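*Asks:* From first to last, the protein sequence lines are chains A and B. Residues 1 to 317 (the working numbering) are what the first sequence spells out, left to right. Residues 1 to 281 (the working numbering) are what the second sequence spells out, left to right.
Please note: incorrect hints may appear among the correct ones.
What the hints assert, rightly or not - Label pairs and their calculated CB-CB ranges:
(1) N14(A) x K236(B): 38 to 48 angstroms
(2) E291(A) x S190(B): 28 to 38 angstroms
(3) I152(B) x S300(A): 16 to 26 angstroms
Hints were generated in silico from the structure; no laboratory data involved. No experiment lies behind these values; they were computed from the predicted model shown. Positions of the beta carbon are idealized from the N, C-alpha and C atoms, including for glycine.
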Amino acid sequence: MAYLDFEKPLEELNDQLEKARQLGQKGKMDVTSLITEIEKKMVEARKKIYSDLTPWQRVQLSRHPERPYSLDYINAISDGTFMEFFGDRSVKDDKAMIGGFGMMGNQSVMFIGQQKGNNTKMRQYRNFGMPNPEGYRKALRLMKLAEKFNKPIVTFIDTPGAFPGLEAEERGQGEAIARNLYEMSILKVPVICIIIGEGASGGALGIGIGDRVLMLENTWYSVISPESCSSILWRNWDNKEKAAEALKLTANDMSGLGLIDDIIKEPLGGAHSNPAEIFESVRKKVTELLEELSNMDSQSRVDNRIAKFCSMGVIED
Amino acid sequence: MSWFKRIKEGITTSTKEKKETPEGLWHKCSSCNAIVPTEEHVASMYVCNKCDFHDRIGSEEYFSILFDEGQYTEYNANLTAADPLHFADTKKYTDRLKDSISKTGLKDAIRSASGLVNGHPLLVCCMDFKFIGGSMGSVMGEKIARAIDICIEKRMPLMIISKSGGARMMEAAFSLMQMAKTSAKLTQLSEAKIPYISLLTDPTTGGVTASFAMLGDLNIAEPGALIAFAGPRVVKETIGKDLPKGFQTSEFVLEHGFLDRIVNRKELKTNISQILTFFGV
Ligand SMILES: [Zn+2]
Chain A
1 MAYLDFEKPL EELNDQLEKA RQLGQKGKMD VTSLITEIEK KMVEARKKIY
51 SDLTPWQRVQ LSRHPERPYS LDYINAISDG TFMEFFGDRS VKDDKAMIGG
101 FGMMGNQSVM FIGQQKGNNT KMRQYRNFGM PNPEGYRKAL RLMKLAEKFN
151 KPIVTFIDTP GAFPGLEAEE RGQGEAIARN LYEMSILKVP VICIIIGEGA
201 SGGALGIGIG DRVLMLENTW YSVISPESCS SILWRNWDNK EKAAEALKLT
251 ANDMSGLGLI DDIIKEPLGG AHSNPAEIFE SVRKKVTELL EELSNMDSQS
301 RVDNRIAKFC SMGVIED
Chain B
1 MSWFKRIKEG ITTSTKEKKE TPEGLWHKCS SCNAIVPTEE HVASMYVCNK
51 CDFHDRIGSE EYFSILFDEG QYTEYNANLT AADPLHFADT KKYTDRLKDS
101 ISKTGLKDAI RSASGLVNGH PLLVCCMDFK FIGGSMGSVM GEKIARAIDI
151 CIEKRMPLMI ISKSGGARMM EAAFSLMQMA KTSAKLTQLS EAKIPYISLL
201 TDPTTGGVTA SFAMLGDLNI AEPGALIAFA GPRVVKETIG KDLPKGFQTS
251 EFVLEHGFLD RIVNRKELKT NISQILTFFG V
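Turn these sequences into a full structure, and let the hints guide you.
*Replies:* Have a look at this one:
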């Protein structure tokens with residue numbers, strides 16, 4: 001278990017618990033009541049810490065190394081039926097973006113998502129969840145495939161940004177994202193987008209145009225990461241907490257501003273503390289929304305989707 | 001009086017009325033250092049006659065270059081930015097806006113106007129880089145969206161002249177969503193079969209590149225412009241070595257297949273009217 005800085009009290013209690021257990025195993029004393037007491041303290045501490053997270057702490061949670069990633073959600077909610085498809089049919093297969101069909105009950109669903117790796121080697125293999133243009137083009141190819149056969153689309157957003165590399169620029173990163181924004185606006189099938197970790201800027205939005213856009217409770221979504229915002233606006237890296245605050249990037253803020261449609265609650269302690277529970281919450285929500293969206297005709301879905309994004313913005317007229 | 005005329009929406013004004021080229025001043029090319037009388041520089045559309053360097057110019061200059069007799073009708077000239085997030089970094093966003101407005105005489109980083117281009121009606125949305133780096137916030141998204149509505153209603157072609165550092169951070173996710181808003185809105189223009197020309201000028205980067213600027217029926221650019229998603233500094237940090245010469249210039253972007261043409265500003269008007277003829281509008 002990896003602990004974040006603000007989880008220090010939990011780590012200490014956990015150490016105490018381990019020690020008590022070891023003592024108990026040696027059989028030198030009865031530790032039952034001690035263990036119960038520590039466990040009670042842990043529940044209290046956890047409640048206290050998680051009832052009042054700052055925006056920056058949520059950013060930290062969204063990047064927790066043990067947090068479930070797109071494939072974990074997809075495999076869970078499709079009951080292992082997920083079949084991955086590769087490649088953009090032009091340049092290559094982008095490992096930072098995954099896609100394919102899976103079943104949710106009797107309904108086949110096109111799943112798309114940015115994918116991060118869960119160890120050093122895999123993190124590199126997945127390019128830290130930062131897609132190249134090929135990733136966005138693969139995603140679009142698969143979404144068009146779903147549209148052709150009238151299957152709904154669910155995207156999982158989890159990226160620190162589109163990859164800012166030399167080849168990404170050569171192969172039109174800007175154009176690839178722009179094309180997706182345009183094409184996703186007019187997809188005839190239901191589209192649900194869920195931010196499950198980091199929703200950084202255009203790289204996130206590139207698979208984020210949906211009839212319903214949801215955020216898990218401890219995720220962030222904005223135009224820039226707090227660190228980069230700090231470095232540009234404050235001209236140093238030390239104001240990331242302030243930047244996280246100013247950007248209003250949490251699920252609560254985004255929902256309050258009308259920029260997302262709903263929030264999915266996470267287990268106390270974050271999605272990683274109880275993956276089965278968060279998978280179930282996501283499955284329930286997606287099932288519910290697919291049902292709701294499939295009852296609409298495709299033209300009103302598209303009209304509503306466009307109207308929703310067109311209503312975003314605050315001006316003085 | 002002329003000030004009153006300018007802020008009234010939908011009133012036709014002429015750029016010629018207010019053009020007062022100061023006499024006796026000299027312009028030094030920032031690329032080749034050639035020195036010419038300012039009058040001559042303006043007459044050559046702010047392009048160096050020696051080295052073809054294109055100076056950064058604003059909406060007023062583009063309107064005057066493109067529209068016949070400099071006559072145009074401006075739309076939604078009074079839209080200004082709000083501060084929905086009460087954003088403050090080292091400076092309050094509202095103060096930043098006030099300063100920019102008083103310093104530039106502009107209301108935000110984009111203006112939209114229609115007029116005739118060699119007799120062809122055209123609506124032009126043009127950015128002003130001097131207003132917070134041409135950054136895209138809610139005003140830019142809304143002005144483009146409303147321009148598209150006008151284009152559909154009047155069956156008038158659209159041109160967007162981009163010159164922007166990208167999204168306006170002080171509007172955070174609102175500015176991000178302008179990428180979605182403008183791209184979604186362009187589907188309606190396309191559905192109505194109305195042409196959209198995107199002109200990318202120096203610089204066009206970030207969220208502007210990753211939305212409407214790359215979505216033209218034709219994407220054209222001025223020579224030598226920086227056109228990028230991630231800016232050169234960020235790319236350099238990512239790859240940890242120097243960037244190849246000419247990286248992310250218009251010429252580079254054309255060679256990689258993302259631009260239809262590069263057009264010298266001196267030929268811009270004739271090119272645009274020729275394109276409109278090709279489209280039959
Ligand atoms: Zn020169």
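*Asks:* Are the hints correct? Go through all of them and say.
*Replies:* Each hint, compared with the structure:
Judged by the Cβ atoms, the range 38 to 48 angstroms given for N14(A) and K236(B) holds: they are separated by roughly 43 angstroms. E291(A) and S190(B) have their C-beta atoms about 31 angstroms apart, which keeps the hinted 28 to 38 angstroms range intact. Taken as a hint, the range 16 to 26 angstroms holds for the pair I152(B) and S300(A), whose Cβ atoms sit roughly 19 angstroms apart.
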